[in-house]
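Using the sequences and the hints, build the whole thing.
Chains A and B are the protein sequences, given in the same order.
709 is the number of the first residue of the first sequence in my numbering; add one for each residue after it.
30 is the number of the first residue of the second sequence in my numbering; add one for each residue after it.
In short, the hints are calculated from the structure, not lab data.
Glycine included, each C-beta is placed from N, C-alpha and C at the ideal position.
The reader is advised that the hints may include incorrect statements.
[As the list claims (entries may be wrong)] Derived CB-CB ranges, DEER-like:
id: 1; chain 1: A; residue 1: 975; chain 2: B; residue 2: 163; range: 34 to 40 Å
id: 2; chain 1: B; residue 1: 117; chain 2: A; residue 2: 904; range: 42 to 48 Å
id: 3; chain 1: B; residue 1: 164; chain 2: A; residue 2: 844; range: 48 to 54 Å
id: 4; chain 1: B; residue 1: 188; chain 2: A; residue 2: 748; range: 52 to 58 Å
id: 5; chain 1: B; residue 1: 233; chain 2: A; residue 2: 817; range: 33 to 39 Å
id: 6; chain 1: A; residue 1: 870; chain 2: B; residue 2: 105; range: 40 to 46 Å
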Amino acid sequence: MNLPALSLIRREYLRWIRAPTWVISGLMSPILYLLLFGQAFDLGKLLPPGTPASALSQVLSGAPTYFSYFAVGMVAFASVTAAMFSGTGIIFDKQLGILQRILSTPISRRSVFLSSLVFRGILTLIPAFLVVGFALLLAHVPDVAGLTVGSGVTILDAVQFLVAALVLSVAFTALFLSFGFAAQRIESYFGVVTILQLPILLTSNAMYPVNIMPTWLQYVVGVNPISLGVNVMRMSLFGSAGYPYPVGVYLAGLLAWAALFVGLALLLASRALRTDVPAARHGSALSQAIAES
Amino acid sequence: MSSTGASGAPPNGGQAVVIDAENLRMVYPGPKAGASPTVAVAGVSFQVVRGEIFGFLGPNGAGKTTTISILTTLLKPTSGRARVEGIDVVAHPHDVRRKLGLVFQRSTADEELTGRENMAIQAGLYGHTGGTVDGRITQLLTQMDLGPVGDRMVKTYSGGMRRRLELAVGMVHDPKLLFLDEPTLGLDPQGRAGFWRYIRWLRESEGITVFMTTHYLNEADQLCDRIAVIDHGKIIALGTPRELKDSVGGDTLEVSVAPGGPDLSPLVTTMPGVKGVARSDDTYRLKCTDGERLVPRVVVALEQAGVSVRGVKVVKPTLDEVFLELTGHAYREEGEGLKADSSEMAGDGSGAGGRA
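Here is the structure:
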């Protein structure tokens, strides 16, 4: 990473550290889900008394309790929710003319894009870690369900979990970043993001087991990037016994999504960062007024 | 067309040419397919030499910002060529960006960052870091009278402080050429005059060349060594403020005499240095090149002819008159201009959004 790109990362960091409210609000929903929804909605309690634990574990693809199953889904949910804010900074930079100032310096366009992706990607990953820590902590609170992990989890499994969380974060950061590069207004950005958020989440296996869903939905859920990432993370913690494919298949699918989203972001970023076409075409703030007057 | 504006060549050919623009044109396509294109710059040629403050003067929408965007590589011209420090802006934009500093109309500093942080990050964008940069930042903050507020967040700055910080940010990588796009927009007349001091000061101490746009007539008059007057995308006059004002006929001498006398027009017309006379009742308006020198001669001649002179006033030409003479319409600045400003600002944000 070169110095100009590091300067932009420093800028983003300083801005973020002085106004971290968005990250806190991004963390609110997953924490509430863990504290309320995850506690109240225990699928295990729906089974008749006396049902062996293994039966529940089978429905949950190897997870010991519903909360443990659900908590891993919330890790992905926290990432996606945090990623939703990834594209906001670039829109403000466009509107305030800050992007034009940056583009008037010798920094390469690729560095502008990469610094956004790296910094926002890290920001997206932080809530995922916090949710894991919080869920593990809850297991030690009496009368509260928490995340319990099997004793067979190795370092390699932990690394696999981290890789999945990282790729998932990068994928959704890139997706929402690409909307930020494309949109001119914060309203239109959040319009698109809000439309996407629920369908993406609800067609995943983050909250409920895939094998109790109707078959048609199972197909959709199977290719959803959140599901693919959650599968890898759950397999890392609870074992891969309940899954039809080896972990590499899910990871490959997730990587394919990440490549697609990064490619999309790269395309839209290079369009937004162009200075060799008339500004009126891509709505750059600097010359817009001139074109219209 | 003013006689000085024919070529756009600098007055003293011996000095190095820093900006060389040849027949620049910029045509914006219509916002929708089929809409008529907008010609923002319609063939502009000029040269800027080392060390001068060169002003682009014109009303809003004249093509000033488009021209500055082309010269600073933020926009590719439809046709024509421009070289900055000898480098072609279209062929080698990256090299051109290293050479120049740019100050925008609006404040582009990060509000939640301090002035010093804003400058350090800007320096980093040019690949500059370390102790020399820190020293440079402290020096510039002091020079811009921002020393005491350098470590305060920009959101606490006044309008004048923000403009000075923009100047400091634009100078942080030590460029020898500074572009200013409407640098005093939104400042009151006092703040504007104060800001000129900083620009002059930078020119003296750093030996920089300044290319600036403005729609304030007196700003161009007071600050710029040479002015290109631009209207509807074309340069309609180019020269020093003095040359431009002389081109519309120089000074006017207003002579008031005692009422009821005969018509003195034939008498004063014949006097050396008088180029024309207009009479309204007992006041004669004499067109001349050097008003002050004509005053005693006119007074003596009239007294000798037995005319009682009540008063004499030398009226200096203004760029207002230059503009009126060249375009046939009066220059709109404060009232109209300010209105246009606010709509232009709105256009930046919401207008841009319309193209999403």
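Starting from the hint 52 to 58 Å, judge whether the C-beta atoms of residue 188 of chain B and residue 748 of chain A obey it.
About 54 Å separates the Cβ atoms of residue 188 of chain B and residue 748 of chain A, which means 52 to 58 Å holds.
Could you check the hint for me, namely that residue 164 of chain B and residue 844 of chain A are 48 to 54 Å apart, CB to CB?
For residue 164 of chain B and residue 844 of chain A the Cβ distance comes to about 49 Å; the hint holds.
Does the Cβ pair residue 870 of chain A, residue 105 of chain B satisfy 40 to 46 Å?
For residue 870 of chain A and residue 105 of chain B the Cβ distance comes to about 44 Å; the hint holds.
Cβ-Cβ distance between residue 975 of chain A and residue 163 of chain B: within 34 to 40 Å?
holds, 39 Å
Consistency of beta-carbon spacing, residue 904 of chain A to residue 117 of chain B, with hint 42 to 48 Å
holds, 44 Å
In this structure, is the beta-carbon distance linking residue 233 of chain B and residue 817 of chain A contained in 33 to 39 Å?
Since residue 233 of chain B and residue 817 of chain A have Cβ atoms about 36 Å apart, the given range 33 to 39 Å holds.
In the structure shown, no violation is registered for any of the earlier numbered hints.
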